[in-house]
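Protein chains in written order, with the numbering used here: chain E, 1 to 750; chain L, 1001 to 1079; chain U, 2001 to 2079; chain Z, 3001 to 3238.
Note that these hints are calculated values from the structure, not bench results.
Under the rule of at most 30 angstroms between Cα atoms (straight-line distance), these lysine-lysine pairs were calculated in the DSS-like manner:
(1) L:K1004 / U:K2010
(2) Z:K3035 / E:K341
(3) E:K658 / E:K626
(4) U:K2019 / L:K1064
(5) E:K458 / Z:K3210
(6) L:K1040 / U:K2010
(7) U:K2057 / L:K1004
(8) E:K218 / U:K2040
(9) L:K1057 / U:K2004
(10) E:K62 / E:K202
(11) L:K1057 / U:K2010
(12) U:K2040 / L:K1040
(13) U:K2064 / E:K218
(14) Z:K3171 / E:K576
(15) U:K2004 / L:K1040
(16) U:K2004 / E:K218
(17) U:K2057 / L:K1040
(18) Z:K3210 / E:K425
(19) E:K454 / Z:K3210
(20) E:K206 / E:K329
(21) U:K2057 / E:K341
(22) E:K566 / Z:K3022
(23) E:K329 / E:K265
(24) E:K218 / L:K1040
(25) U:K2019 / L:K1004
(26) L:K1010 / E:K218
(27) E:K265 / Z:K3022
(28) E:K691 / Z:K3210
(29) E:K576 / Z:K3210
(30) Z:K3022 / E:K341
(31) Z:K3035 / U:K2064
(32) E:K265 / Z:K3035
(33) E:K341 / E:K329
(34) L:K1010 / U:K2040
(35) E:K197 / E:K62
(36) U:K2019 / L:K1040
(37) E:K576 / E:K630
(38) U:K2064 / L:K1010
(39) U:K2040 / Z:K3035
(40) E:K626 / Z:K3210
All figures in this text were calculated on a predicted structure; none of them were measured in a lab.
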Amino acid sequence: MARLGAKPYDQPSINAEIIASHGLSEDEYKRIVEILGREPNYTELGVFSVMWSEHCSYKSSKVHLKLLPTDGPAVLQGPGENAGIVDIGNGQVAVFKMESHNHPSFIEPYQGAATGVGGILRDIFTMGARPIASLNSLRFGSFDHPRTPYLLSGVVSGIGGYGNCVGVPTVGGELFFDESYNANILVNAFTLGIAEKRRIFKGTAKGAGNSLIYVGAKTGRDGIHGATMASEAFSEESEKRRPTVQVGDPFTEKLLLEACLELMKGHCLVGIQDMGAAGLTSSAAEMAARGGSGVELDLSRVPLRERRMTPYEILLSESQERMLLVAKKGKENEVKRIFEKWDLDAVVVGKVTRDRLFRAFFDGAEVVRIPVVALSSDAPVYSRPAERPQGQDELQRLDLEKIEVPKDLGATLKLLLESPNVASKEWVFRQYDHFVRSNTVVAPGADAAVIRIKGTDKALALTVDGNGRYCYLDPYVGGILAVAEAARNLACVGARPLGLTDCLNFGSPERPDVMWQFSQVLQGMRDACITLGVPVVSGNVSFYNETDGVPIYPTPTVGMVGLLQKVERHATPWFKSSGDLVVLLGRNREELGGSEYLKVVHGIVKGTPPWIDLRLERAVQQCCIKAIEKGIIRSAHDMSEGGLGVTLAECCISGPEKPLGVRVELREMMRGDARLFGESQSRIIVTLREKELNRFRQIAVKEGAPMQVIGEVGGGHLAVHPLVRVPVDELRAVWLGGLERRLRGQGKEL
Amino acid sequence: MRVKIFVCLKDGVLDPQGKAVAHSLHSLGYQEVQDVRMGKYLEISLDVPSRQAAELKIREMCDKLLANPVIEDYRFEIE
Amino acid sequence: MRVKIFVCLKDGVLDPQGKAVAHSLHSLGYQEVQDVRMGKYLEISLDVPSRQAAELKIREMCDKLLANPVIEDYRFEIE
Amino acid sequence: MRWGVIVFPGCCDEQDVYDCLKHNLGQRVEFLWHKDRLNGGFDCIVLPGGFSYGDYLRCGAMARFSPIMQGVVEFARLGGLVLGICNGFQILCEAGLLPGALVRNASLQFICRQVFLRVEESDTPFTCAAKKGQLLRLPIKHGEGCYYADPGTLERLHKNRQVLVRYVDGKGRTSPSANPNGSLDHIAGVCNDGRNVFGLMPHPEDAGEKILGSEDGLKIFSSVIAACDKREKRAWLG
Ligand SMILES: Nc1ncnc2c1ncn2[C@@H]1O[C@H](COP(=O)(O)OP(=O)(O)O)[C@@H](O)[C@H]1O
Ligand SMILES: [Mg+2]
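Full structure from sequences and hints, please.
Put into structure tokens, the structure is as follows:
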């Protein structure tokens, strides 16, 4: 111990300023001293700061996350590993997770988004699964904000640039614009992989004497303190204090992916984990914690890209495309041979020990010696104060009397279809390869993507959803709606949910109002998960999404995965042929609070989000799934932003063939705008042949799902009697080009 | 006036393209290659009265559009 | 030895990137921009005994790998 | 017949080609590692799509130096059938086995969507199962698929009828909006003058089943199968 922190390199001595700059509070520092029984050295301080950061330790969210149901018949691995795992039968499992890369993407949109994709891919293949599909959930500021087009095109090409190059199809996602995200965009990336049930790998370091092997790209000074950056709000200051931005290298990732999967066919591997946030430090410490062991690292052996890197930098670097693995003693050469084949570095950098210490050496001297538990289970946990904000009541007050119903509802419909949140997202997803791996049965453009599983009759359905505006107005209901909508989107293609993953994007947890939002959202999500029977198997929390004291809308995004037993029994949203009956599942209610219509047409974000009865929701979904499974349904599309009007329009115009018109008549009496654009939940528009109506009605009755025939497919117009009648070609033109025209209008094409 | 602009990744920022080219050159037998960095090269013709004016404008364009200050440095030559 | 290599599209080959940059510069108000061509820039450090040796090697590398003669021209400077 | 599918570092579509040939067409297929030499006994070698070497310098530029490529060049010289798809097409152009080059899409964006191709010539081993003028619906997914050749080369391509497929609209007509990447003369794929090497940007392997939206891609592969059958018969009959 005498040599701890000694030469060969100088470490700054620790003072209050250094402690603060590491994002540690005074209390936290005291605790470190207590645990160690001495002052930490600079390198150790760095290690604590990243491991105790919000990003790695979940210190503010842990107590709330416990609320979520994580068990279910299909769940093989819940939260706590690199990704969650569900059983899909035939000896196969689906491995999936979602991660945020919000802050880096705001600083450098292309690379930030690209490395976000890289990180989530590694989380999946580290478990032995081959990634077969990705999704992304994006939030940008107002379209009129000068930075939005730049950020949007950078993020989208970064996601494509990385995912396409690695050969994983991006099959869906969501995209939403609102002022609330002007200075804090959200980039959440989701990936799913398939593995054999017998061949799942975990991030664990077990067996004293086994080797720690570093594989992949070399280490540079990239993103040092990225994890602490993700745990801080933005300010002028932090923008100046930019760490070296991480640049993604998808080619190396692809090699790493293939090499790891090849290695996993053999029997050398004990555990494996990618070096994500907090790099080598967190991968080594987390693996040791899970294995109940210690680790010993020789930092002098780590392959470096830059000269004169200090142990501090080596431990904290967030260089991409790297993995740490634990191999059985004596199998090191087998590992090296495989990585050599793929032209990658594989270097033994340490070993597993019995002493439960995290130790690191540099040039022969011990530079870090910390009990592993101090970095994992003994990290601080906070139950932060939460309080409903003063203005919440006012926010929810919406006086519809004062809002005029537009005279020309057809024009209003067009306005909505053209608005960035509703317009077709084709400009985005045509930049993503969604065909590679030849599994894509339903490509982007539907409620959920459908990916067949080769060698079986089955398919998986994937979707990602969340509405921050609803959560802002009522976080509890918003939490419910995020889960309900995701499940409904799966139901619309005919899939039964297996599990979900989430990204919880919020402001600073040090604010009571934000903590209130957080706990409300989680309670809502929990209630929905329980009623709809969907366990949470993995997820990610991103706090500190705020700038100059203004947090974003509380924005949980939910990535949900469902199973279809027969791939050919699936549905798509668009109308199939003239003469089909149009049936509304669920009920229309007079609700406009939080709607896209209020925002776009009246500039109002107020009221309460739509009401929801989870039993009704369940009934509607079950009815839709069963009818699809029986082959009764020709198209199904749920209602979300823009309500009935927009949904019907999308049914008419979103297909690959020529648009089809529709004639609809509604029975309920209510204001025209609420009828057309209200966003009442638990509604699905399905079409079927007339002769199937009785069979369908039987299913609906049995499930307790309200239904009514509201019209018929056909003609060249979208006609909702007596409110609107617009040629579908016109609707298609505004909807299809909406996003691109706005982008061009801003004169940004780079 | 013709201006040549070189945009390169900052020192310390990973250059995957340079890395791959270096690897390729090595496997082609060029062991004498020690390091490769890859960047962008732009030639711009400008209609301005003076070198000074050109310099001012080009610097502005680089800061605004041509280089990404977060990861790139630039240099230029006026002919 | 340090070598700077410029690889540019041949005249006659469409340069959509250059065009897009020119367009963007115009819409940013830089009307003085007449034309933009975009290419690649490589910096290679070589461990060779002489300029001559460097020149020989670099020419070879360019012909073989660094430029595609169907669409590109190259030029280099040895420091 | 025996198919070989080369795996370059950074390949993405090799499994798709393999599965399509093996499961949809019942063919004998093997993966070939790029660092190995090419063994004899293959009837058709496929260079699949993806991002060999990350496409970092130019698409296909580095892969053409993989050890296996010497064998491929020799194989092609002796009349063996070589099919390059997307990145494979780019590699074949870089290797000089096919004329021209593929440059950045005119839109400067990666583009992924279904396109229609018109089969321009049916007297090649890659198109003989199709009719001249037939439309095929295939996906494209590339950032650098804009075909370029200098005027002299282009003239030769026309004279020798080496343009095998063009981008067209659903009615079989060429038009700027049906040309997804700005390719010269709407060219989606060309063969060499020996007609035994063919490269195209669209992906037949991702259009091999109805459930994936189209099975028109099979036309390309079954052409090769038919051509090889014929060759074998001819060889057998002397
Ligand atoms: N960022 C994105 N990346 C890929 N696909 C996207 C993205 N944003 C939207 N999409 C696709 O566009 C379609 C419409 O999206 P959305 O309106 O969010 O659907 P829904 O309301 O049913 O969830 C979906 O198929 C979705 O996958
Ligand atoms: Mg939907």
